Structures are given as C-alpha cells and as structure tokens.
Amino acid sequence: MSILQFHNVSYFKDEKYILKDITLNIEKGDFVSIIGPSGSGKSTFLKLCCHLISPTSGSIKYLQKDLMDCDPAELRKNIGYCFQTPHLFGEHVMDNLSFPYLIRDLATDKNRINLLFSEFHMDMDLITNEVKNLSGGEKQRIALIRTLLIAPEILLLDEVTSSLDSSNTDIVENAVNSLNKAGITVIWVTHNLEQSRKFANKIITIEAGRLKSVDITGREA
Amino acid sequence: MNTGSTMNITSLLFASSLVFVSLIFSYSQKLKLEKEIVISIIRAVIQLVAVGYLLNYIFGLKNILFTTLLLLFMTFNASYNAAKRGKDIKNGLLISFASIASGTMITLLILVASGSIKYEPYQIIPVSGMIISNSMVALGLCYKQLGSNFKNRRDEVETKLALGAEIKTASVGIIRDSIKTGMLPTIDSAKTLGIVALPGMMTGLILAGTSPVVAVKFQIMVTFMMLSTTSISSFMACYLAYRNFFNERKQLK
Ligand SMILES: Nc1ncnc2c1ncn2[C@@H]1O[C@H](COP(=O)(O)OP(=O)(O)OP(=O)(O)O)[C@@H](O)[C@H]1O
Ligand SMILES: [Mg+2]
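Keeping their order, the protein sequence lines are chains D and U. Letter 11 of the first sequence, counting from 1, is numbered 1009 in this note's numbering, and no numbers are missing. Letter 41 of the second sequence, counting from 1, is numbered 60 in this note's numbering, and no numbers are missing.
These are calculated hints, taken from the structure and not from any lab test. Misleading hints may appear alongside valid ones.
Claimed, not checked - List of simulated lysine-lysine pairs, DSS-like, C-alpha gap at most 25 Å:
{"hint": "1", "chain 1": "U", "residue 1": "Lys272", "chain 2": "D", "residue 2": "Lys1063"}
{"hint": "2", "chain 1": "D", "residue 1": "Lys1011", "chain 2": "U", "residue 2": "Lys137"}
{"hint": "3", "chain 1": "D", "residue 1": "Lys1130", "chain 2": "U", "residue 2": "Lys199"}
{"hint": "4", "chain 1": "U", "residue 1": "Lys187", "chain 2": "U", "residue 2": "Lys170"}
{"hint": "5", "chain 1": "D", "residue 1": "Lys1018", "chain 2": "U", "residue 2": "Lys187"}
{"hint": "6", "chain 1": "U", "residue 1": "Lys269", "chain 2": "D", "residue 2": "Lys1063"}
{"hint": "7", "chain 1": "U", "residue 1": "Lys106", "chain 2": "D", "residue 2": "Lys1137"}
{"hint": "8", "chain 1": "U", "residue 1": "Lys106", "chain 2": "U", "residue 2": "Lys269"}
{"hint": "9", "chain 1": "D", "residue 1": "Lys1059", "chain 2": "U", "residue 2": "Lys272"}
{"hint": "10", "chain 1": "D", "residue 1": "Lys1018", "chain 2": "U", "residue 2": "Lys272"}
{"hint": "11", "chain 1": "D", "residue 1": "Lys1011", "chain 2": "U", "residue 2": "Lys106"}
{"hint": "12", "chain 1": "U", "residue 1": "Lys187", "chain 2": "D", "residue 2": "Lys1014"}
{"hint": "13", "chain 1": "U", "residue 1": "Lys272", "chain 2": "D", "residue 2": "Lys1075"}
{"hint": "14", "chain 1": "D", "residue 1": "Lys1059", "chain 2": "U", "residue 2": "Lys170"}
{"hint": "15", "chain 1": "D", "residue 1": "Lys1075", "chain 2": "U", "residue 2": "Lys269"}
{"hint": "16", "chain 1": "D", "residue 1": "Lys1011", "chain 2": "U", "residue 2": "Lys269"}
{"hint": "17", "chain 1": "U", "residue 1": "Lys269", "chain 2": "D", "residue 2": "Lys1014"}
{"hint": "18", "chain 1": "D", "residue 1": "Lys1014", "chain 2": "U", "residue 2": "Lys170"}
{"hint": "19", "chain 1": "D", "residue 1": "Lys1011", "chain 2": "U", "residue 2": "Lys199"}
Just so you know, these numbers come straight off a predicted model, no measurement behind them.
Make the full structure from the sequences, and use the hints.
Below is the structure:
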C-alpha cells in the first residue's frame, strides 16, 4: 500500500524550480535512500513530505489523502523528521525529550527514554546536561531520539550520520534498520553511496531538482 | 525663577537663548544640525501652543463624549505609529488599536472606579496621554522583537512544527520573549524612579507649585498604570500578531 504518493510535484521559489515534476510512490515499510549532488533539492523533498512547505503545483498524498486536506500538526505527528543540522531548543536536553509528550498531553515516559538512550548507546546522565554543552554527534542523536520517542509512521532522515564517527554511524544505521523491520517507513537522505546501498530497497537519485532514477535494489522491504 | 504656577513671557524669551547654545555648538563642531534644530524648535513651539489652547478649550467643555472621542483619536495615532514598527505584520494597525485600547480602558476603568482620578478631561486626557504613548513605545518594541525572533529562531520554530506542535506552542518562547522586551523599559524606569531622574509629570507638578509629597502620590499612580497598561497591551499584541508569521497550512512564511 502506498504511504506517500508524489504526483507531478514542483516547488518553485525565488524565480526558480527547486524541484520539478516529481512523480513517485513510496510504499508502507519501504526503506528509501535519496542521493544526489549538493543543492539538488533533497532537503526540500523531505520538507515537502513533512508539509513544512507545500508544493507550488502537483499533489502529495499520505495514505491516499491529499496533504492539503490534512491537519498539518496532526500529520506531522505521524511523520518524524530529523533535520540536516539538528536543533535542540530550550536549556536542557530534557526540554527536548519532554516536548513530544507535552504536545500530546501525555506524561513523559521515562522508560521509553531509557530504552532509546541505550539503543543509541547514550549515557543517561546526558539528560540533565545543558544543550549548549553537547557535542555535534550527541545533538544529532538526541534529535533522533526526540523524533522516535513516539514512534512515527514515516521517518525522514537528512544526513543524520554526517557528524558521527564510524562506530556511532553503525549504531544509528542499525537502530534505524530495526525500526524499519518493525514497520516504520524510512526515507534517508545521504551523500554516502555505500550507506545508501546498505539497507535500502529503493534508491532515489535527484539531480538539479528532477527525479533522475528510482532503483529497486532487490532487498526486501 | 518664577515661583508658583506663573511664568511670564519675558522669562520664557530669555530661556529661549538656550537654543543658541546648541546652535553655536552645532556650527562650531560642524555637526550640520542647525537647520534641524531650528525646525524642531519651531515645530515644538507651534505644536505645544496649539495643544495648550486646544486642551484649554476641551477642558472647558467638560463633555464626556468629546473626551472619549479625543481618547480614541490618541489611541489611533499611537496605534498607527506602533504599527509602523511591524511592517511585516498584516492588520498591525488593528492589532495595535485593539491592544492599546484594551490596556488603556482596563486601566482607566480601575482608576476611575477606585476614585483615583475623575472622568473629566483635565485629568483623563493627560493621564491617558501618558499611558497610551507608553504602550505605543512598548508595542513598537514587541513587533520589532517578534520580527527578529521569527527570523533568528526559524530553526527552533520549524523543529517544533516538525514534531507536530501547533503554531502557538511552537511560538510561545518567542511570544514571551517579545512581551518581555516590550515591558522591560517600563519596569526599568520604575526601578530607577526618583533615583536617576524625576519623571516629567512629577517635575511638572512640582514646578507648578504642588508639594513634592502630593506629586509623589500621583507619580506612584502613574507608575502603576503604566505597568498595567503596557503588560496588557504587549500581551494582547504579541498573541494577536504571531499568527502573521505563519500561513494557513501552519508553515512558517
Ligand atoms: N527557502 C528557500 N528559498 C530559496 N531557495 C532555497 C530555499 N531552500 C532551498 N533553496 C535552494 O534550493 C536548492 C536545493 O536545496 P536543498 O537544501 O533541498 O538541497 P540539498 O539537496 O539538500 O543539498 P545538500 O546536499 O547540500 O544538503 C538549493 O539551490 C538551495 O539554495
Ligand atoms: Mg540538504
């Protein structure tokens, strides 16, 4: 079943097309890698998926429903998005971890936080740290955990391992892979060809705002 | 100096020689401000004389409707000026008007109900003038801060939106910071009242012959009402204006 359908989607900004005529289907449970040169429109593609921007023409459907007909806030609760440069808000790490619960009127689930911290090999002591004292890699993983506290349907990742060393990259890759095995659709933007091949069942190449190719790798999703 | 409430024209003319001091300064230091100084002095004199006669007339009328109309006119002018500080805020004029009017109304209501002042032009108009212009400055600061916050803290807002927050939740930090920015000057000046400067109103009363003790009582009242009006109007304006930075799809513009 299609979870995201792009139909002739273009995004026009400042007198130019950043994305043009993208038509593509993402199935539930897919592990999609998006590759393409810098400035080709990969991050813009993810922003469209999460409805942080709307297409200037064409349509995007989430579970057969046009994004323009969904409540944006409710939609985004189902679509987790980790930015290329993670932003942690507030003063403490905890402010970030309680936020997903806060906006759903839920009590913060300490066990869930614990579980994800151990999954990403992070020290629990970090949660009382001030945001400004974290390393780039720690920020990136906290941002990931923040997105995963309440499991989304679709996980959008924008070069989330670019500031991690190889052992931490492995940790993140394996965690994301097991989320995908558990049924979460993953769309992962990466510059690293090897990384794109590792887990993906679909590899999408974007060049200069156009969909260049969709390769099915033969891996099962 | 003249004592009490009279000052004759001759002394005023003598006092005007002070203007020459600044003119000489400007000329000798090549500040090129002579023209501006002369224009500003002439404007100040004309405006103040006109206002003096106008107020004299209005105070004589003692007409409630007229007083109220004048208040609305003052509020409108203040809103217009405040809205200029928030060019990217659509409905800035309307938002400012609603906020300043509410703040002023609530404060005046309390003051009149408590018997602190009477709803008569000679009391209501100067008092409102002070609180309205104070709110105007506060709103200008609020708008400026909202604008720069939404520009500088874009990542924070988009991160929160992406997590599924409503636009209000995503903006609350920015809104609060902007309200604070609008209120701080009023709070700061309340803190230093009487230490750094005697406020204009109190100075005026004392010059006109009122005993400092009575003048102080009025100043305390004025300080209270400035605090309450600025907080009410800054609060309202920021909560009404933040939506302007989003579109109807809950996306940052
Ligand atoms: N809000 C915007 N306004 C104007 N131009 C934009 C905007 N966002 C992105 N662009 C432009 O669109 C193009 C694609 O940007 P995008 O961030 O999607 O690229 P990318 O593929 O993610 O690049 P990278 O690999 O470097 O992250 C770039 O040329 C960028 O300058
Ligand atoms: Mg990018």
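To see whether the hints hold, each was checked on the structure:
The straight-line distance between the Cα atoms of lysine 272 (chain U) and lysine 1063 (chain D) is roughly 24 Å, inside the 25 Å bound, and the hint therefore holds. Proposed proximity of lysine 1011 (chain D) and lysine 137 (chain U) is contradicted: the alpha carbons are some 58 Å apart, above 25 Å. Under the criterion of a C-alpha separation no larger than 25 Å, the hint pairing lysine 1130 (chain D) with lysine 199 (chain U) is consistent with the structure, at around 23 Å. Restraint check for lysine 187 (chain U) and lysine 170 (chain U): satisfied, since their Cα atoms lie roughly 16 Å apart, inside the 25 Å limit.
Distance hint between lysine 1018 (chain D) and lysine 187 (chain U) is unfulfilled; the C-alpha atoms sit about 33 Å from each other, more than 25 Å. Restraint check: the Cα-Cα separation between lysine 269 (chain U) and lysine 1063 (chain D) comes to about 18 Å, which is no more than 25 Å; the hinted pair holds. Proximity of lysine 106 (chain U) to lysine 1137 (chain D) is assessed by CA-CA distance (about 36 Å); at most 25 Å being required, the pair is judged violated. A hinted pair counts as satisfied when its Cα atoms are at most 25 Å apart, and lysine 106 (chain U) with lysine 269 (chain U) qualifies at roughly 21 Å.
Of the pairs offered as hints, the one joining lysine 1059 (chain D) and lysine 272 (chain U) holds, with about 22 Å between alpha carbons and a cut-off of 25 Å not exceeded. The suggested pairing of lysine 1018 (chain D) with lysine 272 (chain U) holds, with an alpha-carbon distance near 21 Å, which does not exceed 25 Å. Between lysine 1011 (chain D) and lysine 106 (chain U), the direct Cα distance comes to roughly 22 Å. Compliance with the 25 Å bound is thereby established for this hinted pair. Taken as a hint, the lysine 187 (chain U) and lysine 1014 (chain D) pair is broken in the structure, with Cα atoms around 32 Å apart against an allowance of 25 Å.
For the proposed pair lysine 272 (chain U) and lysine 1075 (chain D), the alpha carbon gap of about 20 Å is at most 25 Å, so the pair holds. Between lysine 1059 (chain D) and lysine 170 (chain U), the direct Cα distance comes to roughly 30 Å. Violation of the 25 Å bound is thereby established for this hinted pair. A hinted pair counts as satisfied when its Cα atoms are at most 25 Å apart, and lysine 1075 (chain D) with lysine 269 (chain U) qualifies at roughly 13 Å. Between the alpha carbons of lysine 1011 (chain D) and lysine 269 (chain U) the distance comes to roughly 18 Å, so the proposed pair stays at or under 25 Å and holds.
With a CA separation close to 24 Å, the supplied pair lysine 269 (chain U) and lysine 1014 (chain D) stays within the 25 Å bound. As the CA atoms of lysine 1014 (chain D) and lysine 170 (chain U) are separated by approximately 23 Å, the hinted pair is consistent with the 25 Å bound. Taken as a hint, the lysine 1011 (chain D) and lysine 199 (chain U) pair is broken in the structure, with Cα atoms around 35 Å apart against an allowance of 25 Å.
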